[in-house]
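**Student:** Sequence:
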Amino acid sequence: MSAGEQNSPEQLLLNWPVSEKFAQSDFLPSTSNEDAVKWIDLWPEWKRGGEDFHCLIIYGPSGCGKTHLAHVWQNISKARIIESLDKLGFMERDEFTFIIEDVDDIISDEETAKNLFHLYNWVREQGGYILLTARTHPKKWPMTLADLSSRMLASEAIKIKPPGDDLVQAVIIKQFSDRQITLTQDVLRYLIPRAERSFDAVRKLVHDIDKLSLTEKKKITIPVVKRVLDNMEED
Numbered sequence: 001m002s003a004g005e006q007n008s009p010e011q012l013l014l015n016w017p018v019s020e021k022f023a024q025s026d027f028l029p030s031t032s033n034e035d036a037v038k039w040i041d042l043w044p045e046w047k048r049g050g051e052d053f054h055c056l057i058i059y060g061p062s063g064c065g066k067t068h069l070a071h072v073w074q075n076i077s078k079a080r081i082i083e084s085l086d087k088l089g090f091m092e093r094d095e096f097t098f099i100i101e102d103v104d105d106i107i108s109d110e111e112t113a114k115n116l117f118h119l120y121n122w123v124r125e126q127g128g129y130i131l132l133t134a135r136t137h138p139k140k141w142p143m144t145l146a147d148l149s150s151r152m153l154a155s156e157a158i159k160i161k162p163p164g165d166d167l168v169q170a171v172i173i174k175q176f177s178d179r180q181i182t183l184t185q186d187v188l189r190y191l192i193p194r195a196e197r198s199f200d201a202v203r204k205l206v207h208d209i210d211k212l213s214l215t216e217k218k219k220i221t222i223p224v225v226k227r228v229l230d231n232m233e234e235d
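Read in my numbering, the sequence shown has 200 at position 200, and its numbers run on one by one without any break.
You can take every hint at face value.
Calculated lysine-lysine pairs in the DSS-like style (CA-CA distance at most 25 Å, straight line):
1) LYS140 x LYS114
2) LYS174 x LYS211
3) LYS204 x LYS159
4) LYS174 x LYS219
5) LYS174 x LYS38
6) LYS161 x LYS38
7) LYS174 x LYS159
Source of the hints: derived by calculation from the structure; they are not laboratory data. Given the structure is predicted, the values throughout are model-derived calculations rather than measurements.
Turn these sequences into a full structure, and let the hints guide you.
**Tutor:** Shown next as structure tokens:
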């Protein structure tokens with residue numbers, strides 16, 4: 001870029017680092033995610049009806065904290081995050097604990113489904129563990145492999161529920177903190193009761209407030225927040 005060229009505010013926003021923090025100390029526990037947190041804390045004593053189980057599924061809407069919990073568990077269990085199930089070469093290593101995210105997005109592929117089925121059986125034989133994340137309960141996944149479907153439906157599936165007031169406030173504060181922004185108490189008191197109680201809505205709200213603030217080179221104030229909220233109501 002030449003000295004005379006400047007990025008637009010939208011480009012600046014896209015290029016501005018949003019550093020998500022996945023440490024256990026950064027996780028936001030609440031009544032919405034307490035069941036999932038309980039199972040993460042119980043590992044490796046994953047038992048149901050007195051029997052060990054080897055596959056935990058955490059599901060919930062985008063932005064609800066599934067990835068954060070997966071990273072917390074990775075730090076505890078030293079699990080390998082599997083980015084792709086195209087090949088099963090990782091099964092040749094001395095590792096038996098794995099994380100696969102967004103399973104419901106990839107499981108309709110026949111080869112992926114077969115490989116997950118083989119991985120599940122192998123991990124169980126080795127006494128290992130798998131943590132899967134998804135947006136929906138496994139009964140809604142587009143599975144065509146009956147054997148895999150039976151194993152997924154028999155796994156422990158834990159839902160992260162919609163956020164309550166306490167979690168909405170914590171998520172908003174964290175989302176702005178990830179952007180290196182600290183809101184004043186007056187702005188928070190105005191914003192919290194008016195924010196929609198969904199993870200996607202909170203994420204969009206934070207993004208739009210940050211964008212308007214950057215575009216107009218203004219601090220985040222109540223009038224700025226009000227404009228964003230008014231625009232969201234009109235959409």
